[in-house]
Amino acid sequence: RQRQMCIRDRITGVDAVRPDIAGIMGAFGAALIARERHEEGYQTSMLSIDEINALTFDTKLARCQGCTNHCLLTINRFSGNRQYITGNRCERGLGGNKQKKDIPNLFDYKYHRMFDYEPLTADLAPRGTVGIPRVLNMYENYPFWAVFFKELGYRTVLSPKSTRQIYELGIESIPSESECYPAKLAHGHIEWLIRQGLTYIFYPCVPYERNETPEAGNHYNCPMVTSYAENIKNNVEDLKEKNIKFMNPFLSLDKIETIIKRMTDEFVPMGCDAKEIKAAVEAGWAEWENFRHDMHKKGEETVKYLKDNNMTGIVLGGRPYHADPEINHGIPELIAGYNIAVLTEDSVAHMGHLERPTAVSYTHLTLPTT
Numbered sequence: 001r002q003r004q005m006c007i008r009d010r011i012t013g014v015d016a017v018r019p020d021i022a023g024i025m026g027a028f029g030a031a032l033i034a035r036e037r038h039e040e041g042y043q044t045s046m047l048s049i050d051e052i053n054a055l056t057f058d059t060k061l062a063r064c065q066g067c068t069n070h071c072l073l074t075i076n077r078f079s080g081n082r083q084y085i086t087g088n089r090c091e092r093g094l095g096g097n098k099q100k101k102d103i104p105n106l107f108d109y110k111y112h113r114m115f116d117y118e119p120l121t122a123d124l125a126p127r128g129t130v131g132i133p134r135v136l137n138m139y140e141n142y143p144f145w146a147v148f149f150k151e152l153g154y155r156t157v158l159s160p161k162s163t164r165q166i167y168e169l170g171i172e173s174i175p176s177e178s179e180c181y182p183a184k185l186a187h188g189h190i191e192w193l194i195r196q197g198l199t200y201i202f203y204p205c206v207p208y209e210r211n212e213t214p215e216a217g218n219h220y221n222c223p224m225v226t227s228y229a230e231n232i233k234n235n236v237e238d239l240k241e242k243n244i245k246f247m248n249p250f251l252s253l254d255k256i257e258t259i260i261k262r263m264t265d266e267f268v269p270m271g272c273d274a275k276e277i278k279a280a281v282e283a284g285w286a287e288w289e290n291f292r293h294d295m296h297k298k299g300e301e302t303v304k305y306l307k308d309n310n311m312t313g314i315v316l317g318g319r320p321y322h323a324d325p326e327i328n329h330g331i332p333e334l335i336a337g338y339n340i341a342v343l344t345e346d347s348v349a350h351m352g353h354l355e356r357p358t359a360v361s362y363t364h365l366t367l368p369t370t
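Residue numbers for the sequence shown follow the numbering used here, beginning at 1 and rising by one.
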């Protein structure tokens, strides 16, 4: 304490008004550090006293458009054309690139492999046009349907990539706020197809998916995925008011024989021949196999790439429709932006072995309300 007072008095003068001791000692310490670290010829980037006195700034808020998270950014602009941004969760908010091109992102690969099918043009589609919503089980089954309808001579129109605007298109027909967001999006996709002037929309109800793991206990869909087309049929009023043919048959996709029978029942009344229906189902089934083979191959290539380059990868698990960027909120790109490869569970599951039988328990937690 006595030493602090002596130093203070030497700096300020005994008869001077004594300022706060902590402030004096802080300034004195900073001066000592500056003297120790001084380099001859070094030019400071600190503003001059005149520039500090003339400093002006303004602040505004903005939404980043780099991904579907739309982070709220606080942009501070200073004189001298300088700015400082806060609120960003990744480099995109600062104008940088969030993902390096050489980092494997199998969510992006899967999305394009799933949906990038070239449809027939109108002049080569003798049976007309069918609209298909890009929702829920289509994130697992679209390769089958794309080839099936093409073989039957239909032009397919797939609704666009999910966005907030697509969601808002169908918000009036959503019957319950407790539905999950992926299900709510389906209303907007159906509405988009209707607004394109389509008079035929196909959206099946699929209780059982293809059994990819015979030793598994089951292979059924959740209730929303299984029957959400029924919800659409009963709540989207434009389907009836605009006389849209909305086909939503219940069918299991576990066996090719089952699909052939159900599709024959549905499409023979529409003027299709049973033999060409069978051929179309077989072509769609083969393409479905090709899709899964390509996912397996891509997963194996990515694992080898990680080993060869001593890199880290993350298997990002989820339902098939989590490949939708509007639903996954850019998490795959966020991970890849940190030089970590992103793999889907269906790209690597075939390389592992799970002891069976397995017991899966669900716990329903009810939180108290206030």
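Hints may contain errors.
Each computed SDA-like pair below joins lysine to any residue, with the alpha-carbon atoms no more than 20 Å apart [claimed, not checked]:
#  : residue 1 : residue 2
1  : K298      : H350
2  : K233      : K261
3  : K184      : N211
4  : K233      : W192
5  : K184      : R195
6  : K233      : N218
7  : K261      : K298
8  : K233      : K255
9  : K304      : D346
10 : K298      : S173
11 : K184      : N339
12 : K161      : E326
13 : K298      : G352
14 : K184      : K298
15 : K161      : K304
16 : K297      : T226
17 : K275      : K297
18 : K233      : H219
19 : K298      : R262
20 : K245      : P223
21 : K304      : E266
22 : K240      : S173
23 : K298      : D346
24 : K298      : F115
25 : K255      : P207
26 : K184      : S227
Derived by calculation from the structure, the hints in this document are not laboratory data.
Check: Which of the stated hints cannot be reconciled with the structure, identified by number in ascending sequence?
Finding: 2, 3, 6, 7, 8, 10, 11, 14, 15, 16, 17, 18, 19, 20 and 21
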